[in-house]
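Colleague: Please put together the full structure from these sequences, using the hints given.
Protein chains: 2
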Amino acid sequence: MPGTLRWLEGTPIHEFGTTFGIPWLQGQHQPLKTRFNCFGKEDVEVPIQSWVTAYWPDGTVKWTGHAIFSTGTPDENYEVRATTSVDSDHSSDDRADGRAQNSKVAEISVSEDPAQNVITVNTGKIVACFSTRGNFPIRCITSVNGKVTGRNGRLVLLSQPAPSDEPTEVSRKRENFEGRVEEAIVEQCGPIRAVVALKGRHHSTDEGGHKPWLPFTLRLYLYAGSACIRMMHTIIYDGDMETDFIRGIGVRFDIPLQADPLYNRHIRISGVDGGVLSEAVQGVTGLRRDPGLSVRQAQTFGKPTPPIEEWDTTVSSRLHWVPSWNDYSLTQLSPDGFNVRKRAKAGCSWVNIPGGTRSDGLVYLGGATGGGLAVGLRDFWERCPTGVDIRDAASDQGALTIWLYSPCAPALDLRQYHDGLGQDTYDQQLDALNITYEDWEPSLGTPYGIAKTSELYLMSLDETPDQKTFSELSQFIRRPPVLLLDSETIHQTKAFGDTWCPQYRIIPSPVTKSIQEHLAFLFDFHKSQISQRRWYGFWDHGDIMHAYDEDRHTWRYDIGGYAWDNSELSPDLWLWLYFLQTGRADVYRMAEALTRHTGEVDVYHLGPYKGLGTRHGVQHWSDSCKQARISNALYRKYFYYLSGGDERVGELLQEVLDTEQAILTLDPYRKVRKDKATYQPDATALSISLGTDWSALAAAWLIEFERRGPRWEEAKKKLLASIKGIGNLTNGFVTGTASYNLATGEISPPAQDPDNKGVVQISHLSAMFGLFEVCAEIVDTFYREVTGGFERAWLEYCVYFNGTNREQIERFGVGFGKLQLRQGHSRLTAYAAHRLRDHVLAKRAWEQFHLKGGYGPEDGYGPDTNWKSRAVSTENAMVPVTEATWVSTNISSLYGIGAIQNLALIGDYYEEHRE
Amino acid sequence: MPGTLRWLEGTPIHEFGTTFGIPWLQGQHQPLKTRFNCFGKEDVEVPIQSWVTAYWPDGTVKWTGHAIFSTGTPDENYEVRATTSVDSDHSSDDRADGRAQNSKVAEISVSEDPAQNVITVNTGKIVACFSTRGNFPIRCITSVNGKVTGRNGRLVLLSQPAPSDEPTEVSRKRENFEGRVEEAIVEQCGPIRAVVALKGRHHSTDEGGHKPWLPFTLRLYLYAGSACIRMMHTIIYDGDMETDFIRGIGVRFDIPLQADPLYNRHIRISGVDGGVLSEAVQGVTGLRRDPGLSVRQAQTFGKPTPPIEEWDTTVSSRLHWVPSWNDYSLTQLSPDGFNVRKRAKAGCSWVNIPGGTRSDGLVYLGGATGGGLAVGLRDFWERCPTGVDIRDAASDQGALTIWLYSPCAPALDLRQYHDGLGQDTYDQQLDALNITYEDWEPSLGTPYGIAKTSELYLMSLDETPDQKTFSELSQFIRRPPVLLLDSETIHQTKAFGDTWCPQYRIIPSPVTKSIQEHLAFLFDFHKSQISQRRWYGFWDHGDIMHAYDEDRHTWRYDIGGYAWDNSELSPDLWLWLYFLQTGRADVYRMAEALTRHTGEVDVYHLGPYKGLGTRHGVQHWSDSCKQARISNALYRKYFYYLSGGDERVGELLQEVLDTEQAILTLDPYRKVRKDKATYQPDATALSISLGTDWSALAAAWLIEFERRGPRWEEAKKKLLASIKGIGNLTNGFVTGTASYNLATGEISPPAQDPDNKGVVQISHLSAMFGLFEVCAEIVDTFYREVTGGFERAWLEYCVYFNGTNREQIERFGVGFGKLQLRQGHSRLTAYAAHRLRDHVLAKRAWEQFHLKGGYGPEDGYGPDTNWKSRAVSTENAMVPVTEATWVSTNISSLYGIGAIQNLALIGDYYEEHRE
Ligand SMILES: [Ca+2]
Ligand SMILES: [Ca+2]
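So the sequences go chain by chain: H and Y. In terms of the working numbering, the first sequence has 628 at position 641, counting the first letter as 1, and numbering is strictly consecutive. In terms of the working numbering, the second sequence has 42 at position 55, counting the first letter as 1, and numbering is strictly consecutive.
Check the hints yourself; a few may be wrong.
Heads up, the list lumps identical chains together, so a pair's fine if it works in one copy or across two of them.
[Claimed, not checked] Taking lysine to any residue and the SDA-like style, the derived pairs with C-alpha atoms no more than 20 Å apart in a straight line are:
no., residue 1, residue 2
1, K198, T356
2, K160, V97
3, K597, R138
4, K855, W873
5, K160, P148
6, K160, A149
7, K455, G334
8, K658, R305
9, K290, E537
10, K198, S501
11, K597, R239
Derived from the structure by calculation, the hints contain no laboratory data.
Modeller: Structural data, given as structure tokens:
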């Protein structure tokens, strides 16, 4: 069932190798007996590298990753076909180092020389040498014709022992660090794509300096036939927030320049939306005398000028009077403006170059004949403060630095934003929670273990690019091309389940049309708020805010638990499902940015809380509530498989297997537990919630199992044991909290109900962080003998959560009382309706979704919602903004997920009940 | 002949007292016998303070300055009438301290207490105490009902001994300074307006620190009935550019806050185009519990909340859990973007507040009942890097700082931008001039003595302003209201001569219509380049660039003599004449900014070059060519008189009386003089050009004389002596260079022609820096017996400069050869045509203006000029820009001046010769 692969934003002008993911139907393709072929325009076969990224429970292929490359213009679309092969040697490998299926084209080669501590990758266009040890991770990039276009690629870090609080204060000692590679792993080695991971820490360049810290991973992606290296740069903060203030994070290369005279060396720096600053180190345009049109044009377009002997002598005889520009800097310290300046040499004043608003973030230094390197940072202005520096362009070896965090900005200050205000006891903290909605606790708001991943591109260029080319390359790094299968095919495979459907499958009716209009409104509105409210910055880019302050006409950026959303009520899921439903490029990009953010910044990657995330708050790490629900693997799954198995996200998916250890360390219910005075966590009977905790554990297990990750057998065991345990609970999910055995995965009745008589404990949050999706996937894809009791428990929860008081009493002996998020839970009813083919339940689900009868803001968007935004009057905000005071990100996420799932599950209800 | 006074940009919403200038016909009003009255709407008399700013040669009033104030809404227009009074006590004073003419309204009072070193000004709304000695120039501002809204107003300065070159370097010691008042002068003392000037230097706050430096003048303007103080802040750089790097320049006030609880203290910070950030120190909106609508609304709008006892107790009982925000900062480091952040207290992390593009630059700190101070800096983002800081808002006394130069930016580096490139000898320097057009000389590119004046507003507010009011106030400081007489009345008085005319007086014809379209094009284009090319910044704002590099699609910001224009060929004059012709508000604003810039930054105000300006170049002070033509008083004259005698500009007009001393010190022709090996400047026979040098000296004398300034008798003597001397030269202005006696002003034939046989030495630049206007004014307004020979000399120059070779030989014995700037000189021909009523000359002048016959780019814009600009393609510039590669600022200025003057002088030619 091959579907069509299309470019997310149209066929790109440049494409330097692309990786993508494809889902397959259960039971169709045996991993060892399947061959994948790719076909482009007019059914011409395109070389491809293939690997399996997930398996169905029956062992057949569920998701594959593929890499292609293009030497010329990419085709408009592609198709990957799977055929059964008897020759298992030609099948795709089940590990991530897929081998050649098609060797009629140039292949990438990877070799390692342990004696020289070097890994060499030859793409056919460039030879890149990576160090497996030491301070120059990217030792050298050489074009196949022998030009060294960049070398000594290294990580630079600046820190200071105190914050940059007041400019009037005596300034601080700064310490310089370089990233030192301590481990190198070839993750893929061709034939189309090679992936090399270099890991290490930052070491002080000062004698007796700071201990090594800030672990990094540089993941380098190279494609056959390509001169462009994609570099994913990850750091984890493991400093002391009181004494380790990061001042600058950069990547630096040396560029050999001796091949070209000063007037044939060129600088290119990205401006706005494809704009370019093009200069020569020694300019020959705009002078009082004309060297000749051919000379000026050559320099302007980056070509070698005619020999200087052919220039007009009025210029050539006076060239020594024309200054050369040794150094350039661009600083993007605000998301709205950048400055540029240059300098003839140290000791002389800088000269301002007219700047602008938002730089695309690509910079080139090189010569007309010797070539050079262009280095770009994706989302450059969104991740401000950022910058680029060129140094020593007038010497034989220039240096080019791209700053992921600009040293011209105040140092990163990760300390907490308030001093606790005297909230010393749990009772005080719970009282404060009642006013600021912040769950505070001394020392819990730690940044220790949060991470940041940045995407860079290193383009080896044999000659200076002309303006048009450089402009196109800067647009490439703004929006690296994405190849995606059509939603219909994805839907048919059920690899992302079938609780969503592509837009055109939705039964047309006034109601379903109106729901889709609301979905579009909600997405567009939240997207608009990102740009209007400047939700940008090193830590912040990608996230959205949680709640709005209508009095101040601002999102509650400064109020305790209302600021950064940190995946509260699953906006990640909403955006990915909405992308699957619509295929809209802007939805994909917003979902991608959110996933990158929440997976890195909102989650701990080392330290005692590794595997947990932090509840919504003013700082992404400030709330003391560390939760498995925030780090839920489900939120990364969509991007992971669609991207063909993004390696960094793959790491994040594995990390969360340790979440249960962190729950053991830090009891999530320590403040509210009735037995908090006496409770002792017990690894064989850990008290966990069957909602937010178990769903996060189960999501991690599910994915590790289907990926056949290193711990897949442990994951499978625990998943199946816990499924069985839940199925055996008298009240199933309604039990609320149960005992969990960390060693076996077994779930048993909670401590207060040793005889499994049945406990009723309901929370409106339980099913709102992926429980629905995890349960649906388990029920859908696992053997019936495994899921029998579990399915019954899940369906009961679905039926009764929004059921009537009478029904609840009939089944469980007590009613659940008044619950919130009725709209968000309508999808549970819909699921039951769909599964049980129960039209009465379907009607009830739609009534719940539409909040028929009374409702409050805690239930969802009801019939009185006005579905409009309005401009805030000028004097009520710093910049022009719109607002929809009725919007809550919680409710938007649930409306989004509920609408998309209900339309898929019970959309046909409106076929039978056209209004 | 009273004309109508109108507001430049329409009737302002707020007006806190306005000063304006009015011209009068020669021979009409005797200073000691004239009374001025002002009338507003429906002829109701408005209180006014009046003073004479200039006199005609016959001693009658030429220009007056007036101050009015309004307590409510200003009227749409006003009229000032002069009547002859026999009672000289009621006449306007001839000094600048005009006395009351109308005492039926509240008057401002000024008193000085030498014992307390204080000058107290009571406006009826506020009492402001200024220190005549010490570190708190603005000691206290108290509202008449006793609220202290600001105190300890002081100047803060940060410097460092080395540049902020590389962030990786160990950072520099910073030194803190405070401005110490050493002299105080009451320049005006009521009844409507008081002006107090406080002068001093910045003193180190460190023991044994830097010597006192950076002289300042704070000029404070107060009006009866107003709570707003206008503060003109001037500094002169007198540091060592190698060791004195300014890091921050600020004005700071302490704000008493103890009158209001934290939740009734408010912050207001300007956003974009009237946008406002409104916050309370301790917010009660957006919380989990609602204190009550009336509480939230009161806080939002800056009113005192109901007593806390009346709040909902769910909030009042938990208020101690709500953080207060002690500190706020806004940094505008680029003209395109600002950042805002706040902090609960020192030791805690800052929290980012969404920022924006361009802040209006007003900031308020105060309490709902205690009030506070709003401080604003005009042209805030244009003068970036700027900023505002609020500190200690949660303590009893907050501090508010506005940064004229933000300490968050790299330190000001005034060193030269290149090292001279080995240009050691004059010959080398002249050779380099031939390629970069820069006139370089070691050590001559000094910033020692350049100045900067900034305009601030201090608004004493009895209570926190609501958003609407604050928004209006921020628009007030963006465009302080200007009251101007209509152009027709100005023209009729001839006070600015009659070589220009208001637009509607121009004879309509296809040619004159087309000329006016070209004038509009040129203005609009150059104006557009300011915003597109970001000609903003601390030193740069106001200036325009000189020449364009069509290869790079950029102005030649980095090429020797082609970058900043520094008044080359009189753009100041062009803009002011174009404003007079059109009355356009945007022309006035651009002319005002240019005048402020060129008068301060491009000119030396102390040191050996005091009185000279610097030729166009990459830095405003980098060129070694220091010229009287750049500092020409004529360029300031228009703004000076229209503004009612701006006191700072008045100082600039007097400074240039010292220009001749600087010429004696630094021979302007040292590199090109034939006798440079032997030439010794002689104060009794100084070699000066009769074009650029003499016109600058004469302009300064003329203005000092007509102002009756402290040196007016010396000025008059030198002016008349030099007029006589020029008239006596056999070849008049064609002599080129003559001998000048610094003591007497006498002009005698040049050294090589002791017998006055007649020398011919012509430069195309001679008449392009104000010579025309100065000569025309002398001929027009002085007694005929004085000007006879002079007028003949001037008319000869006008007739012969663009005359035929034959005519030149006939009169002077030799032809002038090929000269440039034919179009710019057509106005000389036009002047002669007008003066001599010579239609043949008029026809010739228009032919010259239109460049009939062959022309080159050095002549002007000719018939082949395409008069269009076009968009530069995206990849050819960093940001979207337009270009007109045929435009040269030199030529635009001369086209502008020539067109305006020709239309006035010989526009009637087209009445007779309609095409
Ligand atoms: Ca977050
Ligand atoms: Ca200038």
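Colleague: For every hint, state whether the structure bears it out.
Modeller: Comparing the hints with the structure gives:
For the homomeric pair K198 and T356, neither the shortest alpha-carbon distance inside one copy (43 Å) nor that between copies (54 Å) is at most 20 Å. In this homomeric assembly, K160 and V97 never come within 20 Å of each other (Cα to Cα): the closest approach is 43 Å inside a single copy and 51 Å across copies. Within a single copy, K597 and R138 get their C-alpha atoms no closer than 36 Å, and across copies no closer than 52 Å, so neither meets the 20 Å cut-off. In this homomeric assembly, K855 and W873 come within 20 Å of each other (Cα to Cα) only inside a single copy, at 9 Å, whereas the closest approach across copies is 50 Å.
Proximity of K160 to P148 under the C-alpha cut-off of 20 Å is found in both arrangements, the shortest distances being 7 Å within a copy and 16 Å between copies. Taking the shortest Cα distances, K160 and A149 sit within 20 Å of each other both inside one copy (9 Å) and across copies (16 Å). Proximity of K455 and G334 under a CA criterion of 20 Å is satisfied in neither setting, with 35 Å inside one chain copy and 49 Å between copies. With identical chains, the CA atoms of K658 and R305 are at most 20 Å apart between copies only, with a shortest distance of 19 Å across copies and 79 Å within one.
In the homo-oligomer, the alpha carbons of K290 and E537 lie at most 20 Å apart only across protomers (18 Å), although the nearest pairing inside one protomer, at 57 Å, exceeds that limit. For the homomeric pair K198 and S501, neither the shortest alpha-carbon distance inside one copy (59 Å) nor that between copies (74 Å) is at most 20 Å. For the homomeric pair K597 and R239, neither the shortest alpha-carbon distance inside one copy (31 Å) nor that between copies (47 Å) is at most 20 Å.
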